[in-house]
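> With the hints as your guide, set chain B onto chain A.
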Amino acid sequence: NAGVTQTPKFQVLKTGQSMTLQCAQDMNHNSMYWYRQDPGMGLRLIYYSASEGTTDKGEVPNGYNVSRLNKREFSLRLESAAPSQTSVYFCASSLDQGRSTQYFGPGTRLTVL
Amino acid sequence: GENVEQHPSTLSVQEGDSAVIKCTYSDSASNYFPWYKQELGKGPQLIIDIRSNVGEKKDQRIAVTLNKTAKHFSLHITETQPEDSAVYFCAASQAAGNKLTFGGGTRVLVKP
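Line by line, the protein sequences are chains A and B.
The numbers in the first sequence follow our numbering, run straight up by one, and end at 585.
The numbers in the second sequence follow our numbering, run straight up by one, and end at 117.
To be clear, the hints were calculated from the coordinates, so they are not data collected in a lab.
Okay, the calculated beta carbon distance ranges per label pair:
#	chain 1	residue 1	chain 2	residue 2	range
1	B	T83	A	N537	40 to 48 Å
2	B	N72	A	V484	39 to 47 Å
3	B	D22	A	R549	42 to 50 Å
Straight line, CA to CA, 20 Å or less: simulated SDA-like cross-link-like pairs of lysine to any residue:
#	chain 1	residue 1	chain 2	residue 2
4	B	K47	A	F482
5	B	K104	A	T527
6	A	K529	B	G6
7	B	K63	B	N36
8	B	K47	A	L517
9	B	K47	A	Q494
10	B	K62	A	S572
11	A	K481	A	E545
12	B	K62	A	T573
13	B	K47	A	P511
14	A	K481	B	E44
15	B	K47	A	G475
Fair warning: this is a prediction, and the values are worked out from it, not measured in the lab.
Note that the Cβ used here is the ideal one computed from N, Cα and C, for glycine as well.
Next up, chain A with everything else stripped away, as it sits in the complex (with noise of 0.2 Å):
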């Protein structure tokens, strides 16, 4: 089992350009979640999604899109970067949204220039 895998792991853009993280899980977990990490921040969500075909929106959604393609696939896609943006960016899974272990990607790092 490779886990949760995230491509790409670096990425640097220019202000306004788009790009989308995807991110894949191979465990059949049912939700999964896409956060950015800044430093002394922690981790904060940006959007989860509880089951295929549901999709919300977490703690700081702004300047973020997100699609659950299917059960295993979670992508998020920034339709116009700015500089706020750069960051480093983790997709997790977990089997369900109860009280379950949210496993993660290995990151994606992203600067916005």
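Quick look at chain B alone, frame taken from chain A:
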């Protein structure tokens, strides 16, 4: 919403000593408290968790305690080793929804 505060932000200990990290939370409805360890360049990994019907839980050299009345919980690492050097995050969530709220993290350095 939930707010989780974590202290200290950095912690330096001598190998073999104990390390303690403390977290407080604001929402009395929270009842699940996981701790994650993040090594450099990697995603966070669950190391231990505790639920509100338990006051203490141990797993080898790590233990977590929970005081629901005071709304705080702590991570204890005994006999620290260099491989314990990492960033540790506490988190809290309610049973319904399982949206984790994370603390700001503690960078632990174990000096040999």
